[in-house]
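K.L.:
In terms of mature numbering (1 follows the signal peptide of the UniProt record, and there is no 0), the sequence shown is residues -31 to -1, 1 to 217.
Just so you know, these hints were derived from the structure itself, not from any lab.
It is possible that some hints are incorrect.
[Claimed, not checked] Computed cross-link-like contacts, DSS-like style, restricted to lysine-lysine with a CA-CA straight-line distance of at most 25 Å:
1) K198 with K22
2) K138 with K16
3) K18 with K198
4) K207 with K16
[What the hints assert, rightly or not] Label-pair distances were calculated between CB atoms; the ranges are:
5) K16 with V193: 19 to 29 Å
6) P51 with L72: 19 to 29 Å
7) V89 with T134: 34 to 44 Å
8) R157 with G65: 14 to 24 Å
9) A29 with R167: 32 to 42 Å
10) A133 with V106: 56 to 66 Å
11) E102 with P132: 46 to 56 Å
12) P118 with V78: 29 to 39 Å
Note that CB positions come from ideal geometry on N, CA and C, so glycine has one too.
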Amino acid sequence: MTHRSTVAFRLILASAASVSLGLASILPAAAGSHSASCYQPVHHPAKYKTVTKRVQVAPARRSVEHIPAITKTVWQTVVTQPARTEWRYVPAVTRGVKRRVLLRPTERVPQHHPAVTKIVHETVTVSGGYGWEWRMVHGKKTLCKVKLPPRHETVARQVTVRPATVSYKIIPPRYGTDWVEEIVHPARTEEVHIPAVRERVARTVVVRPASERVHTIPAEYATVTEQVKVRAASTGWKAVRVPEHCRH
């Protein structure tokens, strides 16, 4: 009997049992009657089997190894200041020389000579001028202004015998000796070339750069044993033979 036939048969038995129980609950069995067949429920426990298999404990992975760079120290001559050209101021070159210098220039000092005068007396005619006198005019006393005759007077007069004069006294210049600065070479600007400045310095150079090395670590497996369910637990019907009850 195939598995499919067995399942169909069990379904039929279950249906029949349900019908029988239903009928039994409805109609009591007749006294002295015999059952055609009898069935009892049977429990079938689950069935397991032991299975051994390899399982993956850790997956495959990669490990990166960092390899540091290899360096070394080398000495090099480097230019710290490049060559350049500058303009430099050169002051004048002087020297002290002895020279005759004018201390005081020629002077003209004025000499004032006063005028020479004298007093002379002389007779001069001067106007008599006017005067006042009382006169009888038409029988009346009248004050009249009359012109007086000229008169002679002796007067004193100052006359210049020799006029005032000015003469000049010449004072010769005065010289002395002094030290003065004489320019030998005038101030100038000149172009100056300044060479480059070099120094010995230590530098670190890379002989081999840093790198990475990748290592592949294979997956890890282990053998495990476990119980695998082959068949699930089930409940079925089993045909039984009961004397005096079932013919089967």
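K.L.:
Would you say the C-beta atoms of R157 and G65 sit inside 14 to 24 Å of each other?
P.N.:
Because 21 Å falls inside the window, the suggested range holds.
K.L.:
Does the Cβ distance between A133 and V106 fall inside 56 to 66 Å?
P.N.:
holds (59 Å)
K.L.:
Honestly, do A29 and R167 meet the 32 to 42 Å range at C-beta?
P.N.:
Violated, at about 58 Å.
K.L.:
I want to verify a distance hint. Is the separation of the beta carbons of P51 and L72 within 19 to 29 Å?
P.N.:
violated (59 Å)
K.L.:
What's the verdict on K18 and K198, does the C-alpha distance respect the 25 Å limit or exceed it?
P.N.:
holds (7 Å)
K.L.:
Is it true that the CA of K138 sits at most 25 Å from the CA of K16?
P.N.:
violated (165 Å)
K.L.:
Tell me if the straight-line CA distance from K198 to K22 falls inside 25 Å.
P.N.:
Given that 25 Å is the threshold and the Cα spacing comes to 15 Å, the pair holds.
K.L.:
Quick check on a hinted range of 29 to 39 Å for P118 and V78, using CB atoms only.
P.N.:
violated (59 Å)
K.L.:
Given the hint of 19 to 29 Å, check if K16 and V193 actually sit that far apart at their C-beta atoms.
P.N.:
holds (21 Å)
K.L.:
Taking 46 to 56 Å as the stated bounds, is the beta-carbon spacing between E102 and P132 within them?
P.N.:
Once the Cβ atoms are compared, 49 Å apart, the range 46 to 56 Å for P132 and E102 holds.
K.L.:
Take a look at whether the Cβ-Cβ distance between V89 and T134 falls inside 34 to 44 Å.
P.N.:
violated (22 Å)
K.L.:
Is K207 within 25 Å of K16, Cα to Cα?
P.N.:
holds (19 Å)
In summary, the structure is inconsistent with hints 2, 6, 7, 9, 12 from the numbered list given earlier, while agreeing with the others.
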